[in-house]
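Participant: Assembly of the complex is requested from the two constituent chains, each provided in isolation within its own frame, with the hints serving as guidance.
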Amino acid sequence: MKKFKNFEDVVCPFCGTLCDDLKIILEDNKIIEVDNACAIGTAKFFSSNVSEHRYTKPMMRNNDKLEKVTWDEALNKAAELLANAKRPLSYGWSSTECDAQRKAVELMEICGGVLDNTASVCHGPSLLAIQDVGCPTSTLGEYKNRADLVLFWGSNPVHAHPRHMSRYSDFIRGYFRVDGHLDRTIIVVDPRTTHTAQMADMHIRLNPGEDYELFNAIRAMCRGVELDVKEVAGVPIKQIKELVEILKSCKFGVLFFGLGLTMSKGKHRNVDAGISLIRELNEHTKFNLTPMRGHYNVSGANIVFTWTTGYPYSIDFSRDYPRYNPGEFSAVDILKRNDFDVTLIVASDPASNFPKDAVINMLKKPLISVEPHKTPTSEMADIILPPAIAGIECEGTAYRMDKVPIRLRKVKNAPEDCMADYEIIEKLIEKVKELKGE
Amino acid sequence: MKFFLTTGRTIDQGVALEGQKLGRENIKACAICEFDKDDFAKLDCMIGTPVKVTTKFGEVVVYSQISEQGPHPGIIFIPMGPWANAVINSETYGTGMPSYKGTEAEVEVVKSGRILTALEIIKSYK
Numbered sequence: 001m002k003k004f005k006n007f008e009d010v011v012c013p014f015c016g017t018l019c020d021d022l023k024i025i026l027e028d029n030k031i032i033e034v035d036n037a038c039a040i041g042t043a044k045f046f047s048s049n050v051s052e053h054r055y056t057k058p059m060m061r062n063n064d065k066l067e068k069v070t071w072d073e074a075l076n077k078a079a080e081l082l083a084n085a086k087r088p089l090s091y092g093w094s095s096t097e098c099d100a101q102r103k104a105v106e107l108m109e110i111c112g113g114v115l116d117n118t119a120s121v122c123h124g125p126s127l128l129a130i131q132d133v134g135c136p137t138s139t140l141g142e143y144k145n146r147a148d149l150v151l152f153w154g155s156n157p158v159h160a161h162p163r164h165m166s167r168y169s170d171f172i173r174g175y176f177r178v179d180g181h182l183d184r185t186i187i188v189v190d191p192r193t194t195h196t197a198q199m200a201d202m203h204i205r206l207n208p209g210e211d212y213e214l215f216n217a218i219r220a221m222c223r224g225v226e227l228d229v230k231e232v233a234g235v236p237i238k239q240i241k242e243l244v245e246i247l248k249s250c251k252f253g254v255l256f257f258g259l260g261l262t263m264s265k266g267k268h269r270n271v272d273a274g275i276s277l278i279r280e281l282n283e284h285t286k287f288n289l290t291p292m293r294g295h296y297n298v299s300g301a302n303i304v305f306t307w308t309t310g311y312p313y314s315i316d317f318s319r320d321y322p323r324y325n326p327g328e329f330s331a332v333d334i335l336k337r338n339d340f341d342v343t344l345i346v347a348s349d350p351a352s353n354f355p356k357d358a359v360i361n362m363l364k365k366p367l368i369s370v371e372p373h374k375t376p377t378s379e380m381a382d383i384i385l386p387p388a389i390a391g392i393e394c395e396g397t398a399y400r401m402d403k404v405p406i407r408l409r410k411v412k413n414a415p416e417d418c419m420a421d422y423e424i425i426e427k428l429i430e431k432v433k434e435l436k437g438e
Numbered sequence: 439m440k441f442f443l444t445t446g447r448t449i450d451q452g453v454a455l456e457g458q459k460l461g462r463e464n465i466k467a468c469a470i471c472e473f474d475k476d477d478f479a480k481l482d483c484m485i486g487t488p489v490k491v492t493t494k495f496g497e498v499v500v501y502s503q504i505s506e507q508g509p510h511p512g513i514i515f516i517p518m519g520p521w522a523n524a525v526i527n528s529e530t531y532g533t534g535m536p537s538y539k540g541t542e543a544e545v546e547v548v549k550s551g552r553i554l555t556a557l558e559i560i561k562s563y564k
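Those protein sequences? They're chains D and A, same order as listed.
So the first sequence is residues 1 to 438, counted in the working numbering.
So the second sequence is residues 439 to 564, counted in the working numbering.
Bear in mind the hints are in silico, worked out from the structure with no lab data behind them.
One should not assume that every hint holds.
As the list claims (entries may be wrong) - In silico BS3-like cross-links for lysine-lysine, where the CA-CA straight-line distance does not exceed 30 Å:
no.: 1; chain 1: D; residue 1: Lys410; chain 2: D; residue 2: Lys2
no.: 2; chain 1: D; residue 1: Lys265; chain 2: D; residue 2: Lys65
no.: 3; chain 1: D; residue 1: Lys23; chain 2: D; residue 2: Lys265
no.: 4; chain 1: A; residue 1: Lys494; chain 2: D; residue 2: Lys265
no.: 5; chain 1: D; residue 1: Lys336; chain 2: A; residue 2: Lys564
no.: 6; chain 1: D; residue 1: Lys86; chain 2: A; residue 2: Lys561
no.: 7; chain 1: D; residue 1: Lys336; chain 2: D; residue 2: Lys265
no.: 8; chain 1: D; residue 1: Lys356; chain 2: A; residue 2: Lys466
no.: 9; chain 1: A; residue 1: Lys440; chain 2: D; residue 2: Lys230
no.: 10; chain 1: A; residue 1: Lys549; chain 2: D; residue 2: Lys356
no.: 11; chain 1: D; residue 1: Lys433; chain 2: D; residue 2: Lys77
no.: 12; chain 1: D; residue 1: Lys30; chain 2: A; residue 2: Lys475
no.: 13; chain 1: D; residue 1: Lys65; chain 2: A; residue 2: Lys564
no.: 14; chain 1: A; residue 1: Lys480; chain 2: D; residue 2: Lys68
no.: 15; chain 1: A; residue 1: Lys564; chain 2: D; residue 2: Lys364
no.: 16; chain 1: D; residue 1: Lys77; chain 2: A; residue 2: Lys564
no.: 17; chain 1: D; residue 1: Lys68; chain 2: A; residue 2: Lys561
no.: 18; chain 1: D; residue 1: Lys410; chain 2: D; residue 2: Lys30
no.: 19; chain 1: D; residue 1: Lys57; chain 2: A; residue 2: Lys480
no.: 20; chain 1: A; residue 1: Lys561; chain 2: D; residue 2: Lys65
no.: 21; chain 1: A; residue 1: Lys490; chain 2: D; residue 2: Lys436
no.: 22; chain 1: A; residue 1: Lys480; chain 2: A; residue 2: Lys440
no.: 23; chain 1: D; residue 1: Lys86; chain 2: A; residue 2: Lys564
no.: 24; chain 1: D; residue 1: Lys265; chain 2: A; residue 2: Lys466
no.: 25; chain 1: A; residue 1: Lys564; chain 2: D; residue 2: Lys57
no.: 26; chain 1: D; residue 1: Lys356; chain 2: A; residue 2: Lys564
no.: 27; chain 1: A; residue 1: Lys475; chain 2: D; residue 2: Lys238
Stated by the list, open to error - The calculated label-pair distances, taken between Cβ atoms and stated as ranges, are:
no.: 28; chain 1: D; residue 1: Asp35; chain 2: A; residue 2: Lys466; range: 48 to 54 Å
no.: 29; chain 1: A; residue 1: Glu546; chain 2: D; residue 2: Gly310; range: 48 to 54 Å
no.: 30; chain 1: D; residue 1: Gly141; chain 2: A; residue 2: Glu546; range: 25 to 31 Å
no.: 31; chain 1: A; residue 1: Lys480; chain 2: D; residue 2: Glu8; range: 51 to 57 Å
no.: 32; chain 1: A; residue 1: Arg552; chain 2: D; residue 2: Ser249; range: 32 to 38 Å
no.: 33; chain 1: A; residue 1: Gly532; chain 2: D; residue 2: Lys248; range: 32 to 38 Å
no.: 34; chain 1: D; residue 1: Arg337; chain 2: A; residue 2: Ile504; range: 38 to 44 Å
no.: 35; chain 1: D; residue 1: Lys251; chain 2: A; residue 2: Glu529; range: 41 to 47 Å
no.: 36; chain 1: A; residue 1: Glu544; chain 2: D; residue 2: Asp228; range: 46 to 52 Å
Backbone N, C-alpha and C define an ideal beta-carbon position, used for all residues, glycine too.
Only chain A is shown next, with the shape it has when bound in the complex (with noise of 0.2 Å):
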């Protein structure tokens, strides 16, 4: 299915950031897709089983999750921080801030992959 991908801070991922980056606070907080809930029934697969998303960037498992700040059909919200850095795109049209907000992005439901914390997202970048 194809969305149209936006980030954002959440509370969670706020406080998950304050000492607690490397912890499962983390990606408690912020390996997680957020649905619209029409959207994630059209998905036919439990809250919680993992998905993964594409974009021209790249790719990332996470879990998925019915977003409590719909509707918002189409769109599908990751939480910042490594996972959603892992596909928005980083062109900054001159500006200097990448595009954080608007990628398009494909999903498919993974049911058995893992989702890789922050460090492992990162170390696997070297």
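Just chain D, with the same shape it has in the complex (with noise of 0.2 Å):
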């Protein structure tokens, strides 16, 4: 007879957003049914079960050729090639839980690799910003309940984090704003019209790459100064009169920026505006701002990082302490200079995200991947070590994009013998300490 399990409350891990009022219906140990989540969720929850694309046991390349082995063998030869390479890189960790991420920096430390998670190539730029100029902030609740003004700088949620605004910033009814959408302004900053600037109430088109001129411009004028120009950054001024007029006079504002701030010419100095644009309104009205991180625990990883060495992304231990440098350490730069000898990839894919050039010196080195699917990575690397998925597999926390730890739960059992990415680093740990003779 079929075995039907329903869960409810559970919480997505995909985006930063972390919706946490998913049901999922399960038949045997197959989930059949995934309520609530946005078309990505749903997507990640169904990837779980076993297809074609999922790894269910470990592989090593053999002759050019991917073939099965056991996981004593897969382990064994991670570990001697991480034990016996001079500067391993270790990149990902954002979309796996925060105990996995703890390991990493311990496997790290002892090999003297450097490590660094996907904030590299997200909101890097926005943690170099937040270290210079501090970070007025607030939990997504608090805006739901208070913000009338939603500003949407560089950032697309229809697309990138789909029920953020039907959750926290523009739909939902909060505390104080009583009518959901009809009670807040939706303001979109963005060179295109995207979907969401198409549903806000006013949309500002600048020209691409000029973010930082159009901040310093608002900066100015919030201060009274008449500029003796007729548009910035391609934005008329009598529309910057009427934005800086709005920005004023809200009770509440928010600014979520996205990676139209921080992969634009200027990166970290466009969020350095941005936030000081937020400290001046600040003298007018109430106003803060929150960065829309893109994978579930990309926070997590910061925050993990950070409270175990400093720091919250491209860390270098050759030297047997931390040292951050992004530049330097940051993995799209180790890759370009050839300052790596070994990879391991967990949870991420940089053969399809990172620039050619990063990815052709990826390819020339031994590459392990920790990876539940088929990925171009994992299909090129030379050991797979196939994971539980962290959230639908296995428990473990996730940082939510204010920063909110939020408990992930498991709703299934993982395919044939797969461990979670923790265990996975942990044996790893183990093996390469015995190589190492600690």
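Facilitator: Rendered as structure tokens:
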């Protein structure tokens, strides 16, 4: 007889919004229904079912072909590569839970390697800016209940965080925002008329790569300076004036910013300017900001790395103590300089997500991939260690984009003998220690 | 024609990356170049005709599309993935972050070009 199981209030391990109201229905050990999740979250839960896209056994490359091997064989070979490496690079870590991230620090410390998470190609520049000028922030619940002005800058939540607007920032009713959408003003600043911009009350279409100029023009106008130009960053002065009035007269404003700032010319300087604007707006009203974090636990990766090493990403252990220098120890730069001899990729697909010249170098050296699904990275790897998917097949803790920790749930068993990420890393640590005689 | 290339997430790209990275879904979602409606008219081709996007850093052939998220004259958009990453500027300027948005690109209609799969692109790097 078929066994059905229902789970309520399941947390979605996809994006930084960490929706915690999903309903999952299982038939035996197969997910057959996902309710309340967005299209991406639903796809993620269904992707955990065993299929041709999922690895269920460790694999190793033999004569250019991937072959199934035992866990011991795969772990021994991976440990050997890491123990003998002079400068291993470990990258990824944002789509897994905090225990695995803690183990990552231990492993790279023992190996004297470089540890980086996906923040370095995501909100890394935001972290640099926050270290420079601070960050007046709050939890998403406060925004939901209080914010009457929501400013999305270089961020397209309809596509990247599909339920953010319905749970926290636009349509949801809040304690002081009883009419939900009608009680909030939504402003989008983006060079494209994105789907988010199409729903907004005001869209500022600026020239691409000129965010820094626009932030500073708004700052100047907030202070009452009259600018002697017709437009800044392609935006007419009249529209900027209108925007400044709206910003200054709201009761509680929030800036959600995305990769439009961190990936464009200026990078962390754009975020610097944005934070400085928020600081100044606090002289007129209450204004906060929150970066729209992508991976569900990239915030957690930054937090765990910070409380264990002092630094959020791009950490080098080659001198036995942690050093931090994005631009030098960040994964893309290490790969471009060929400054590594083995890569350990966990819960990430840099072959797809890194620029061409970084990928070319990554493929020249041994590559270990801890990854449940077939990806371009895992298919090019020398060793594949298939884990249980955190938040679906094992428990753990993840930090939401506003740094609120949420406990992930286990709803089904992992296929065959797939272990959790932290168990795999724990075993690697044991074996590396043994090989190094520690 | 000259354009300003930007890359980023789309919901289709997000769905395709969950366990379908080597499949057709990923090509449909990410091996595309979205044009502003008026810019596309100047290309004088049918929707879906392959176009070659060339920058200082590489070239890639992808399917052409009219952007639903327009207008954005002068800007082309390729969703994040191996196709976009074949042509973006990898320079991080000391921040660790490559310049995924804001690369100058030249576009030409190629009509009969074959669109490589994600794995074919990555294999060509080895």
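Participant: Which of the listed hints are not met by the structure?
Facilitator: Result: hints 2, 3, 12, 14, 19, 21, 28, 30, 32 and 36 break, sorted rising.
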